[in-house]
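Position chain B with the ligands relative to chain A; hints supplied.
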Amino acid sequence: MSFMPKPRVAHPGLPRNELGLTRRDYEGGMSTLCAGCGHDSITASIIQACFELSIAPHRVAKVSGIGCSSKTPAYFLSASHGFNSVHGRMPAVATGANAANQDLHYIGVSGDGDSLSIGLGQFCHAMRRNLNMVYIIENNGVYGLTKGQFSASADVGSKAKKGERNEQPPIDPALTALTMGGTFVARSFSGDKAQLVPLIKAAMRHRGFALIDVLSPCVTFNDHEDSTKSYAFTRQHYQPAVHTDFVAPATEIMAEYEAGESIKVDLHDGSHIVLRKVSPDHDPTDRASAYAFLRKRQKAGEHVTGLLYVDGSEPDMHMLNHTVQVPLNRLEWDTLCPGSEGLGAILARYR
Amino acid sequence: MAEPQAPDRINDFVIKLANVNGTGSASANSLLMKAIFRMGVPVAGKNYFPSNIQGLPTWYEIRVSRDGYVARASHVDLMVAMNAETYAQDLQEVSPGGYLIYDSTWPRSHQLQREDITILGIPLSKICNENFDGVRARILMKNVVYVGAVAALLDLDLEVISGLLEQSFARKPKLVEANQQAIRMGFDYAMQHFQCPLPCRVEAMDKTADMVMIDGNTAAGLGCVYAGATVGAWYPITPSTSLMDAYKSFCARLRVDAETGERSYCVIQAEDELAAIGMVLGANWNGARAFTPTSGPGISLMSEFLGFGYFAEIPAVLFDVQRVGPSTGMPTRTQQCDILSCAYASHGDTRHVLLFPANPEECFYLAVEAFDLAERLQTPVLVLSDLDIGMNDWMCPMLQWDDEYRPDRGKVLDAETLENMDEFWRYDDVDGDGICWRTLPGDHPRGSYFTRGSGHNAEGRYTEDAEEYQAVVDRLLRKFDTAAGLVPAAIETPARSATELGLISFGSCDGAIREALDLLEAEGIHLHYLRLRAFPFGDEVRSFLERHEQIFVVEQNRDAQMRQLLISEGGARPEKLQPVLHYDGMPIGAEDVIEGIRRLLAQGEAA
Ligand SMILES: Cc1ncc(C[n+]2csc(CCOP(=O)(O)OP(=O)(O)O)c2C)c(N)n1
Ligand code: SF4
Ligand SMILES: [Mg+2]
Chain A
1 MSFMPKPRVA HPGLPRNELG LTRRDYEGGM STLCAGCGHD SITASIIQAC
51 FELSIAPHRV AKVSGIGCSS KTPAYFLSAS HGFNSVHGRM PAVATGANAA
101 NQDLHYIGVS GDGDSLSIGL GQFCHAMRRN LNMVYIIENN GVYGLTKGQF
151 SASADVGSKA KKGERNEQPP IDPALTALTM GGTFVARSFS GDKAQLVPLI
201 KAAMRHRGFA LIDVLSPCVT FNDHEDSTKS YAFTRQHYQP AVHTDFVAPA
251 TEIMAEYEAG ESIKVDLHDG SHIVLRKVSP DHDPTDRASA YAFLRKRQKA
301 GEHVTGLLYV DGSEPDMHML NHTVQVPLNR LEWDTLCPGS EGLGAILARY
351 R
Chain B
1 MAEPQAPDRI NDFVIKLANV NGTGSASANS LLMKAIFRMG VPVAGKNYFP
51 SNIQGLPTWY EIRVSRDGYV ARASHVDLMV AMNAETYAQD LQEVSPGGYL
101 IYDSTWPRSH QLQREDITIL GIPLSKICNE NFDGVRARIL MKNVVYVGAV
151 AALLDLDLEV ISGLLEQSFA RKPKLVEANQ QAIRMGFDYA MQHFQCPLPC
201 RVEAMDKTAD MVMIDGNTAA GLGCVYAGAT VGAWYPITPS TSLMDAYKSF
251 CARLRVDAET GERSYCVIQA EDELAAIGMV LGANWNGARA FTPTSGPGIS
301 LMSEFLGFGY FAEIPAVLFD VQRVGPSTGM PTRTQQCDIL SCAYASHGDT
351 RHVLLFPANP EECFYLAVEA FDLAERLQTP VLVLSDLDIG MNDWMCPMLQ
401 WDDEYRPDRG KVLDAETLEN MDEFWRYDDV DGDGICWRTL PGDHPRGSYF
451 TRGSGHNAEG RYTEDAEEYQ AVVDRLLRKF DTAAGLVPAA IETPARSATE
501 LGLISFGSCD GAIREALDLL EAEGIHLHYL RLRAFPFGDE VRSFLERHEQ
551 IFVVEQNRDA QMRQLLISEG GARPEKLQPV LHYDGMPIGA EDVIEGIRRL
601 LAQGEAA
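Here the protein sequences come in this chain order: A and B. So for the first sequence, the numbering used here puts the first residue at 1; every next one is plus one. So for the second sequence, the numbering used here puts the first residue at 1; every next one is plus one.
One should not assume that every hint holds.
What the hints assert, rightly or not - Computed Cβ-Cβ distance ranges for the label pairs, DEER-style:
#1 B:E575 <-> A:R349: 30 to 38 angstroms
#2 A:R128 <-> B:S543: 28 to 36 angstroms
#3 A:G344 <-> B:A252: 37 to 45 angstroms
#4 B:G348 <-> A:S54: 54 to 62 angstroms
#5 B:R542 <-> A:T179: 16 to 24 angstroms
#6 B:E575 <-> A:A345: 48 to 56 angstroms
#7 B:D584 <-> A:T179: 41 to 49 angstroms
Please keep in mind that the hints were generated in silico from the structure rather than gathered at the bench. No residue lacks a Cβ here, since even glycine has one placed at the ideal position from N, Cα and C.
Chain A extracted, bound-state conformation (with noise of 0.2 angstroms):
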């Protein structure tokens, strides 16, 4: 076996994180989507929400479908396992490798036609599981790598660049999180990283499905104006729900905020995330009454955004699996196989 050698090259001056990696070591290839297009910027979220909690790159698995969003995995974190599936099927392959092994974070990065349409099914599946894992939908109402069709999350009204409007209702991923069980669900902009890097690190954190869905237009086939997930719509109609900050377990920052204004959520690691509310009425620790909040601002043409609920307590796949603590790709092979002996035993039953 040979290889060609290639020099690492270091960056005197950048920032470095707990691990010595600078935000460059975060990095993946170049884009290739379209200049100004949304899903580039929940990327460069990710590689910042990554570095700033000093995962070490090769400790996650990036997982996606197929669609411009799924594409972006090549895009940040090069030194990550990526695994650029199917369409509509990430889940699956999610659940199987976590399955393999527990102990890796594992990002899946899907589209609204990828989790919505071809892949509701094992959306749905994934978070009644409670697979753990960070999901995030990068959400633009449209097919944007098949041309602009309209996806299920065009909302009514809703128009195509061509002119065509959209009748049927929207299905909202959120919403249907709430439904199915997801234990973590938010909702973000493309365009607001001050919102989303707390976010994702604290979906990272979590111990489950954590589900955002980022709402992240695409400038080619529908930022237009008669489009609801426009940047000017987004922007117009944009209600933070619940503001969230991601607190490292050696770092509280309690004390900013006025008691009675926020939340303390722990995370299963130790951290905790904390949440302001912004909006009186809404309670992320509720489920019915998150549903109900959601359903209330959606009527009046509202993005909610934000921690629209978590629950870190509820088991996920492998706690309701009771699986080891070793990953199963790590079992020693005498713990896995019965041996000549244990053969005969089983086989006396079939004399």
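The following block gives chain B with the ligands in isolation, referenced to the frame of chain A:
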């Protein structure tokens, strides 16, 4: 009156039991079969059941064969007709000189008689109503009473039956007692009213001492445990379901920590087959041995991902327990009808490694081999069993295990190697065998690569470049050549006399063929027999095709799928290969083979 039977019917006859499904007959019938097995007499059981839970006809056929033939026989010597609805049909099926047992509690129409067989009435319902309480017990015990009667007629060893009952109801002594009583009642009734034993009867032998009675799905599930598989994903479908059931129950016994209750395995009931194969690919990609059992409809759904696994080069093990197609077909009947759809599953230029176990014993060994091949070749491996193998009890030599065995994990670079390497390219064929080195997520930053089903080059990068794309798909062909040398070789059984004739078959046809070859040999027709065990075909298959002028290809589907594969991939001249086809959904018997060959030979002479 019945013809007196020749004495050589001892240990050579067929019992068929006609029941209504959902009445508990299955355990009574297997009790009967096990008793014969424990008396050292070779036996095989086949279950013909409806795609239904309760109330439809079901048949169980037990072939007692002192010569050890396991295929379906086309006659019935003793019919136990427990289903009034199918009585007329069951009556017709008994061979002249045979016997029929029925429940004589209620009279049968005089039209339902036959002069050339012996009809034995036993008032089963009456006996049960007088001796057992409760509707359920009465229904269940009727089955046990007829087992008792058959035991008397066939001269079965009651001690053996007692032992079996004690074993199966070890935790419910009350049930042992009730069952023993029912056996006794049936036995006594038959002894008092009929001339026991019958000419076709059982005499103890010593031919089953090193044998087990097991179905293919159980054996394959056990193989998965022994192969070290830790992740199983599936969506229930007949006739594959019992494979995962078996894996789960073996794991529940062998892979759960007694103290903590922690499991060294993870079985996921997926939302559909698309998800099941996706999970299997995800787990294998991540370094666990993972598998999925399914049947034809599942293969159709899994196709897209199978192409992904082929192109992105991810190991996966899939069991296709074939049933009758097309579409939903007949879910509880058997066929070998997925050969082509599996060989080329998915769009584009794909081809897959297939294994063809012939019986439960091979289901066990080939299950283990499938994991080794999948990881060695970094590609999905499909094990093509069928309903006959998967769900019926077969007598097999005791399974063996070599404790020296260690799984072949294939070409995986570990963290240490990666640490000392300068650069890693995922699809670089450094060894020239078409198989590249892979890495596992989480091991080392240098091992990272992007797995994709879109065009990629040797470095693993996205490409739309003509040459780069073609280099990858051409290498995949080279890898398939490598596979041909690694898969289990076809087994040739030469004829005992020189002959130009050959016969090729595979899978569950084997039993019928070996019996047919013996019978044909007695007629002076000799054939060299090649049993395929895998696709791609190795050199031994090509050589066999070249060495014979006329070759019969025996298979259980309408379109001669294996013949087509032998022509397109084995280089055989079409006119050489003559199809012998059986595809009505019932397991193939020796007569089906013989009839087909005779017809073709006669045609050849006429031409
Ligand atoms: C089985 C299958 N059907 C159709 C396609 C074509 N296709 C590719 S991407 C896509 C839609 C993607 O939409 P979305 O998930 O919203 O991603 P976006 O491009 O908008 O980010 C479709 C229909 C495909 N790749 N596979
Ligand atoms: S088509 Fe739309 S979604 Fe796709 S890259 Fe361009 S802007 Fe982004
Ligand atoms: Mg989209």
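Going down the list of hints, with the structure as the test:
With their beta carbons about 51 angstroms apart, E575 of chain B and R349 of chain A fall outside the hinted range of 30 to 38 angstroms. Separation of R128 of chain A from S543 of chain B is about 54 angstroms and departs from the stated range, judged on CB atoms against 28 to 36 angstroms. One distance hint, 37 to 45 angstroms for the beta-carbon pair G344 of chain A and A252 of chain B, is violated here, with the actual separation near 19 angstroms. Against the hinted window of 54 to 62 angstroms, the Cβ-Cβ separation of G348 of chain B and S54 of chain A comes to about 42 angstroms, which falls outside the hint.
Separated by about 58 angstroms at the C-beta atoms, R542 of chain B and T179 of chain A break the suggested range of 16 to 24 angstroms. Take E575 of chain B and A345 of chain A: their Cβ atoms lie about 54 angstroms apart, and the range 48 to 56 angstroms holds. In this structure, D584 of chain B and T179 of chain A meet the distance hint of 41 to 49 angstroms, their C-beta atoms being roughly 48 angstroms apart.
Checked against the numbered hints above, the structure violates hints 1, 2, 3, 4, 5; every other hint is satisfied.
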